[in-house]
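There are 2 protein chains.
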Amino acid sequence: MSGSIVPVILSGGSGTRLWPLSRAGKPKQLLAIAEAATMLQATAARAPQAAGFAAPMVVAGEGHLPHVEAQLAEAGIAPAAIILEPAGRNTAPAIALAAIEALAADPEALILVMPSDHVIRDPAAFRRAVATAAVAVRRGDLAAFGITPDRPETGYGYIELGDAIEGAPGVQRIARFVEKPDRATAEGYLATGRFAWNGGIFLFGARAYLDALAAHAPAVLDACSAAMAAAARSGAVVRPAADAFLSATNISVDYAVMEKAANACVVPVEMGWSDVGAWDALWDISAKDEAGNVVSGAVMALGAANSLLRHEGGPALFVSGVSDLVVVATADAVMITTRQSAQSVKDIVDRLKAAGSPLPN
Amino acid sequence: MSGSIVPVILSGGSGTRLWPLSRAGKPKQLLAIAEAATMLQATAARAPQAAGFAAPMVVAGEGHLPHVEAQLAEAGIAPAAIILEPAGRNTAPAIALAAIEALAADPEALILVMPSDHVIRDPAAFRRAVATAAVAVRRGDLAAFGITPDRPETGYGYIELGDAIEGAPGVQRIARFVEKPDRATAEGYLATGRFAWNGGIFLFGARAYLDALAAHAPAVLDACSAAMAAAARSGAVVRPAADAFLSATNISVDYAVMEKAANACVVPVEMGWSDVGAWDALWDISAKDEAGNVVSGAVMALGAANSLLRHEGGPALFVSGVSDLVVVATADAVMITTRQSAQSVKDIVDRLKAAGSPLPN
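Residue numbers (numbering that gives the first Met the number 0), protein chains in the order written: chain A, 0 to 360; chain B, 0 to 360.
Don't read these hints as lab results, they were simulated from the structure.
Identical copies look the same in the list; a pair holds intra-copy or inter-copy alike.
Derived SDA-like pairs: lysine to any residue, alpha-carbon spacing no greater than 25 Å straight-line: (1) Lys345 - Ser322; (2) Lys352 - Gly302; (3) Lys259 - Tyr155; (4) Lys345 - Asp288; (5) Lys25 - Ala315; (6) Lys25 - Val298; (7) Lys345 - Asn305; (8) Lys345 - Glu289; (9) Lys352 - Val298; (10) Lys352 - His310; (11) Lys259 - Leu102; (12) Lys345 - Ser251; (13) Lys287 - Asp346; (14) Lys287 - Arg350; (15) Lys352 - Ser295; (16) Lys345 - Gly302; (17) Lys179 - Ser13.
Everything numeric in this text was worked out from a predicted model, so none of it was measured.
I would like the entire structure built from these sequences, with the hints used as guidance.
If you want it as structure tokens, here you go:
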């Protein structure tokens with residue numbers, strides 16, 4: 000079908016801030032963190048064929064292929080392609096592989112680029128935003144989705160909203176991208192109402208994206224074109240040629256294209272978005288009991304408050320008289336921190352990696 | 000030897016406030032809680048034959064016999080008797096059994112009654128206090144050791160110190176026993192300097208103790224005499240007759256004898272005593288690292304402060320950014336509480352018992 004919208008699910012991440020649940024071999028997107036489905040499954044379910052989307056593509060690492068195939072099959076999803084990166088080269092090359100693949104099937108294809116490890120509690124709002132963006136994108140623009148902020152978050156980059164675009168209601172030019180701000184700056188952004196979080200979600204014409212790469216990051220396009228031309232194929236699985244792909248610059252789509260392209264635009268959207276960046280974020284978005292606890296698995300909690308208590312293996316947890324705690328227990332590690340310090344889980348993993356411990360895997 | 004001092008170690012307890020380390024089948028006194036030796040071993044080592052004490056007697060429950068025998072053997076201690084209570088009947092009957100056993104070997108025997116689950120960091124001070132008490136006890140008095148308080152503790156009973164006793168320096172009459180006070184009362188006690196904690200440690204003439212029972216609790220004496228007359232013996236192990244013993248009143252030595260006897264006296268002593276009543280007490284008496292943590296076993300702690308982190312089994316612990324926490328991990332339970340709430344561990348165990356869980360055992 001000409002002009003199809005192909006979901007492109009970026010599943011290359013291997014974040015460590017949800018350790019010990021997430022591991023290098025089974026990162027966050029392959030886990031059922033916030034709901035019964037895995038985050039990969041939930042991402043695919045957000046842009047289903049039943050709602051008019053084409054079959055999705057997944058860009059992932061070779062090591063995760065068995066999980067990706069099994070999880071898509073479990074969800075009843077037949078992917079158009081599973082593209083295996085020989086190694087991670089950030090988002091600009093990853094998206095280029097998918098754009099090339101999509102173009103081969105449909106010269107008018109749009110690609111809906113979605114990180115695989117975000118939560119969106121209002122997928123209908125997301126799909127409405129996609130429809131909104133499509134009007135501008137079908138005319139050649141490159142659209143980012145800008146998450147309307149609800150707090151002065153210092154952990155995300157922001158997009159300053161620019162002028163409205165005639166004939167594309169709900170779409171605005173991008174005034175500028177800004178890096179993670181300090182607290183005072185973030186509070187200012189929130190107050191103006193003119194800033195949105197950059198959630199890394201995009202709608203592009205596949206052709207327009209490759210054209211933008213040709214203009215702003217030609218080496219990325221050359222590397223990815225060569226890699227796809229020499230790709231090995233097996234069913235839906237596409238293995239771009241490693242030598243060619245590994246020569247691609249490690250660069251994000253923001254730096255490579257969005258910050259430079261004159262045809263970049265943004266669709267502001269409120270859709271209950273979270274990147275579940277750390278355990279405290281999971282507590283934030285989860286349903287809580289009357290004491291403010293998010294409890295799962297073999298846990299006995301007496302007098303606990305505002306805590307995330309998650310048991311997924313190992314001895315049962317018995318918790319008493321604690322507040323604002325995060326406890327995540329697996330068969331081989333029990334991690335205990337506070338909601339305030341939840342980001343420091345990364346430090347534990349760094350320490351383990353430095354010590355050569357097998358636990359990060 | 001006539002007039003020997005026989006250590007009588009009361010090992011009948013089965014406290015739950017050091018759960019999940021202490022269990023009904025292996026309570027606190029049978030564990031190495033505060034040092035390399037078990038608390039039973041440390042108690043025996045406090046009154047050794049090398050310091051002129053007779054071989055000790057241990058009063059314990061049948062279920063703990065294998066542990067008691069093994070731990071005494073490991074410490075190179077040949078007990079004069081291991082007296083197995085058919086069931087717990089509190090301290091007055093338990094001490095009566097030992098007094099009867101001691102009298103049979105030495106009509107002039109003194110018995111040094113020691114709970115098996117206390118820490119005394121200055122055993123030399125303890126032995127000096129025993130020598131101090133012995134002067135009065137050999138003249139017929141019944142001596143308690145009164146722990147000089149260092150804080151307005153509301154969890155212990157107090158002894159009000161009375162008049163000095165002529166010819167027995169360091170020994171005083173007991174003005175009165177008082178129950179666990181409220182905070183204001185405890186602060187008043189501390190301020191006067193006339194009150195000591197009742198630590199449940201005593202020095203009696205065995206004959207004088209039985210005479211006092213005859214006067215103040217004759218039914219206890221009758222039951223214990225009958226039980227010992229019909230006891231089954233096997234090596235050092237003495238099994239008093241159950242029918243007779245079980246008819247004894249369940250009563251403490253304080254209620255049965257010390258609060259009533261005109262010849263009760265007290266030796267105030269500072270000896271680094273703790274009953275290690277809960278996990279916070281163990282933190283109090285333990286050596287800490289520069290961040291105030293007491294850490295043992297497979298624990299990685301980053302940015303933890305003033306916490307007790309104890310791993311004795313199960314998955315390793317990874318702790319980050321917490322303060323004033325208590326974590327005790329065993330092969331089948333991970334218990335997490337605060338130093339402030341450490342007493343609430345009892346509530347967990349009560350809940351488990353009510354639910355019929357095997358974990359308390």
